[in-house]
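Heads up: the protein sequence lines correspond to chains A and B, in order.
Residue 136 in this note's numbering sits at position 136 of the first sequence, and the numbers go up by one each step.
Residue 1130 in this note's numbering sits at position 130 of the second sequence, and the numbers go up by one each step.
The set of hints was computed from the structure by calculation and includes no laboratory data.
As the structure is a prediction and not an experimental result, all values here were calculated from the model.
Please note: incorrect hints may appear among the correct ones.
Chain B is nowhere near these chain A residues, computed Cβ spacing over 10 Å in every case [to be verified]: (1) Ala12; (2) Asp59; (3) Gln69; (4) Ala98; (5) Arg105; (6) Arg170; (7) Arg179; (8) Asp211; (9) Glu222; (10) Asp231; (11) Glu238; (12) Ser241; (13) His382; (14) Leu385; (15) Leu444.
Straight-line alpha carbon distances no greater than 25 Å define the calculated SDA-like cross-link-like pairs of lysine to any residue that follow [said to hold, decoys possible]: (16) B/Lys1209 x A/Gln110; (17) B/Lys1178 x A/Thr146; (18) A/Lys209 x B/Ala1098; (19) B/Lys1209 x A/Ile57; (20) B/Lys1209 x B/Ala1098; (21) A/Lys209 x B/Gln1028; (22) B/Lys1038 x B/Arg1109.
Quick reminder that beta carbons are idealized off the backbone N, C-alpha and C, glycines included.
There are 2 protein chains.
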Amino acid sequence: LLRNDRADVLAALDNRHPADFAAWFADQDEETQAHVLKFLDNDWAAQLVEYLPDNEIEDTLLAFSEEKQRAVLTRLQDDDRVDALQELSESTQAKLVALLPARKRRVTRQLLEFPETSAGGRMTTAFATVDESMTVRQAVQELRETHLEKETLSRIYVTDTDGKLIGELRLRDLAFAKRGVLISEIVEPGTPSISAWADQEEAAQMISKYDIMALPVVDDEERIVGIITHDDAIEILEEESTEDIEKAAGISGEISDASYINTPIVTHYQRRVLWVLGLAFTGLLSGYVLMSFQEVLDNAFLLALYMPMIVAAGGNTGGQAATMVIRSLSLGELQSRSTLTVIFRELGVGLLVGTTVAIAMIVEILIFQPEAAADSQIGLPHFALTVGCSLLLQITSSTFIGAALPLVAKSLRLDPAVIASPAITTLVDVSGLLIYFTFARLFLGI
Amino acid sequence: LLRNDRADVLAALDNRHPADFAAWFADQDEETQAHVLKFLDNDWAAQLVEYLPDNEIEDTLLAFSEEKQRAVLTRLQDDDRVDALQELSESTQAKLVALLPARKRRVTRQLLEFPETSAGGRMTTAFATVDESMTVRQAVQELRETHLEKETLSRIYVTDTDGKLIGELRLRDLAFAKRGVLISEIVEPGTPSISAWADQEEAAQMISKYDIMALPVVDDEERIVGIITHDDAIEILEEESTEDIEKAAGISGEISDASYINTPIVTHYQRRVLWVLGLAFTGLLSGYVLMSFQEVLDNAFLLALYMPMIVAAGGNTGGQAATMVIRSLSLGELQSRSTLTVIFRELGVGLLVGTTVAIAMIVEILIFQPEAAADSQIGLPHFALTVGCSLLLQITSSTFIGAALPLVAKSLRLDPAVIASPAITTLVDVSGLLIYFTFARLFLGI
Chain A
1 LLRNDRADVL
11 AALDNRHPAD
21 FAAWFADQDE
31 ETQAHVLKFL
41 DNDWAAQLVE
51 YLPDNEIEDT
61 LLAFSEEKQR
71 AVLTRLQDDD
81 RVDALQELSE
91 STQAKLVALL
101 PARKRRVTRQ
111 LLEFPETSAG
121 GRMTTAFATV
131 DESMTVRQAV
141 QELRETHLEK
151 ETLSRIYVTD
161 TDGKLIGELR
171 LRDLAFAKRG
181 VLISEIVEPG
191 TPSISAWADQ
201 EEAAQMISKY
211 DIMALPVVDD
221 EERIVGIITH
231 DDAIEILEEE
241 STEDIEKAAG
251 ISGEISDASY
261 INTPIVTHYQ
271 RRVLWVLGLA
281 FTGLLSGYVL
291 MSFQEVLDNA
301 FLLALYMPMI
311 VAAGGNTGGQ
321 AATMVIRSLS
331 LGELQSRSTL
341 TVIFRELGVG
351 LLVGTTVAIA
361 MIVEILIFQP
371 EAAADSQIGL
381 PHFALTVGCS
391 LLLQITSSTF
401 IGAALPLVAK
411 SLRLDPAVIA
421 SPAITTLVDV
431 SGLLIYFTFA
441 RLFLGI
Chain B
1001 LLRNDRADVL
1011 AALDNRHPAD
1021 FAAWFADQDE
1031 ETQAHVLKFL
1041 DNDWAAQLVE
1051 YLPDNEIEDT
1061 LLAFSEEKQR
1071 AVLTRLQDDD
1081 RVDALQELSE
1091 STQAKLVALL
1101 PARKRRVTRQ
1111 LLEFPETSAG
1121 GRMTTAFATV
1131 DESMTVRQAV
1141 QELRETHLEK
1151 ETLSRIYVTD
1161 TDGKLIGELR
1171 LRDLAFAKRG
1181 VLISEIVEPG
1191 TPSISAWADQ
1201 EEAAQMISKY
1211 DIMALPVVDD
1221 EERIVGIITH
1231 DDAIEILEEE
1241 STEDIEKAAG
1251 ISGEISDASY
1261 INTPIVTHYQ
1271 RRVLWVLGLA
1281 FTGLLSGYVL
1291 MSFQEVLDNA
1301 FLLALYMPMI
1311 VAAGGNTGGQ
1321 AATMVIRSLS
1331 LGELQSRSTL
1341 TVIFRELGVG
1351 LLVGTTVAIA
1361 MIVEILIFQP
1371 EAAADSQIGL
1381 PHFALTVGCS
1391 LLLQITSSTF
1401 IGAALPLVAK
1411 SLRLDPAVIA
1421 SPAITTLVDV
1431 SGLLIYFTFA
1441 RLFLGI
């Protein structure tokens, strides 16, 4: 596509959105990438870095001359610059930060001190503020002088003389107001805000809950130090959802910005193999239980027919319960005081589902298995009772376990999503076999 | 809390964000709700309806007098009004739409014609446009007159005389520009847009990809007919993620706006029981396979020890593959031409994981099972080979199945997420038993 000279490259870029260009760029081989980079002007280079997947950022930045690195990093918004720098090795990061002009260098170092996943680590400092004691005329004058540096003017934050956040304005309120009015007369108070040390997920949930453009971030003295914008919120929520979904399937490790196709097969392998191996060895437990009840199975092989189904019903219902609870926790719907409520509700759902499936299977057995039971020399009603009771207990206990384990993890300050469905399945495989064979011994006298 | 008179209710509301008030309201019993509703003025009532969970909207609207219904619905933004009306029964919907003033009634009826999940069904028509032939002065004058009705002025869309979208402006560009300049001189062309008939998920993905505030929605003649805003994008993406997560765990039915705790136990039961029942009856297939290989198991009961592990390894790896593919599809990362690539990659990952687990288990068997094999009168190397080959084939084929089924579903225009992990697990349970017992017959001569 882009293989000729500078003019061609720039002409091809002219009609592209930087997001599209970055996605295209990430898909190219190294040679093409190097070729394209040579021809990018500083503005395009900065836009490329802004939209590039995390794993491409270091190589791309290092391909530039020192002069161009400085130009690119200076052009980026504070939050985009910090996001990019967070992907680099410490030494590269220090080297690149040192290239920045003094004021940006200071701000960048401050922002890099916040944990990457905190509100402070995500915020931009390019927000607009005006003082409540200004008139509309003074405020417009101030914004006119500084607006080019601001990420958004849709919301203008109003502070008192100590820099404390006291409310907000919309640019339209200023644009259409009388020039002599005081800002304090038109400010809208009650702007939600978040501490710089809070988790980024909390910030994203607030932006989602209040349907706002941007959320002010405040320091310990309630002074506004930055804002988190709606596009950050989308990115954070998407990342968290992907992480939850992947963890629930037993896929470990940090998710990367790279798409499925751009991730090397070896990385996919590494993220999956440990869970599979661990679960395989844990799965031997089920095997030992099965072996130790060999006698029961030998005496009534009809039991084998219902065994996989009873075991799997536990995995299915446990996985459902875990999924519901983990998602509710992710969406911020559950307070810690709701723990008991959730457990009682899930016990209720488990009992209902368990009863339904147990009755369905009892009916199935009574209709279809009279001959098989006679062949195996076991009483049909006793056999039906064995299967029914096992299902009820297995489903109820699995639902309970599926709901309780993420809540326990949460109360131990672990990520609830690490209690992945496969782990619950492996656990309730064992309990299912124990329940089934115990009832079989009890009711069938084997 | 709020049990006294009008003044108390309004005073208590004064410091609350409507989103917090709506969340609190949804948690109250009917009596308290009725009491609070009596005292709400029209503005608060409209804000309540805007932020209320879907399942509370009908009861709340019907509790108002006709006069208040009209006032509330008129005050809502077009998109919020349509979102609320979409939750009502058809007759209630028609009755309430008829209450609206003529112009809003017409717009609302038009919007209700779009499918609820299309871009047209989600958009608001309260967007700002100016004509490219205007001067900045004329544009500011026009916006000044109409700005109160607009949902956002952060982006102002520029059209030609036919109403075709040709670009956008920011309010700041107008606010700080010279008054005599023509709009056509300062317009930024290349604004992304979406067809009103496209799926809302596509719109949300574009907003996420381009980091934009709002996405213009155009009709078949490329005339701008609405916008979808960033807060809608967050809501859509959250809904889609929740739906994918729930479907992957075998939880069916439409997700509701109600939180986990506010959803009745019976609803939770209904959303889970069908899958569990269906899977239970499908699970009997595994039982029949197990019964039909009874002889093999009788002759070498050591096989039972590794059976649950081999079967489960298929479910785990199949679930991982399905999760990766479904999430990639949801994030819009996979084009249809990538289908074969994905399948080859997953085959590769499956082979790698399968080889690793097979080797680990072969080593385990050679170290720990010499005695048990001798007791069962089967050759240790042959037994290790049986387990190893079964694991390799089971894991590779399950990974393939897990990746392929969602892609097949997609190509049949079904939702890939309906190929839930439990369904894949149940399927590969059967294949796992067949694979294991076939290799046992082959290598152990049983």
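Do the hints match the structure? See the list:
1. Ala12: Its Cβ never comes within 10 Å of chain B, the nearest being 14 Å, so this holds.
2. Asp59: Check passes; 21 Å lies beyond 10 Å.
3. Gln69: holds (23 Å)
4. Ala98: holds (29 Å)
5. Arg105: It holds; arginine 105 of chain A is separated from chain B by about 25 Å at its closest Cβ, greater than 10 Å.
6. Arg170: Per Cβ check, arginine 170 of chain A is inside 10 Å of chain B; nearest 8 Å; violated.
7. Arg179: holds (13 Å)
8. Asp211: violated (4 Å)
9. Glu222: With a cut-off of 10 Å, glutamate 222 of chain A remains clear of chain B, as the shortest Cβ separation is near 17 Å.
10. Asp231: violated (4 Å)
11. Glu238: Violated, since 6 Å does not exceed 10 Å.
12. Ser241: violated (4 Å)
13. His382: holds (18 Å)
14. Leu385: holds (17 Å)
15. Leu444: Per Cβ check, leucine 444 of chain A is outside 10 Å of chain B; nearest 17 Å; holds.
16. B/Lys1209 x A/Gln110: Violated: lysine 1209 of chain B and glutamine 110 of chain A sit about 28 Å apart, past 25 Å.
17. B/Lys1178 x A/Thr146: holds (17 Å)
18. A/Lys209 x B/Ala1098: It is violated: about 31 Å lies between the C-alpha atoms, which goes past 25 Å.
19. B/Lys1209 x A/Ile57: Given that 25 Å is the threshold and the Cα spacing comes to 17 Å, the pair holds.
20. B/Lys1209 x B/Ala1098: Not OK: lysine 1209 of chain B and alanine 1098 of chain B at ~39 Å, beyond 25 Å, violated.
21. A/Lys209 x B/Gln1028: holds (19 Å)
22. B/Lys1038 x B/Arg1109: Given that 25 Å is the threshold and the Cα spacing comes to 29 Å, the pair is violated.
Hints 6, 8, 10, 11, 12, 16, 18, 20 and 22, counting from the list given before, are not met by this structure.
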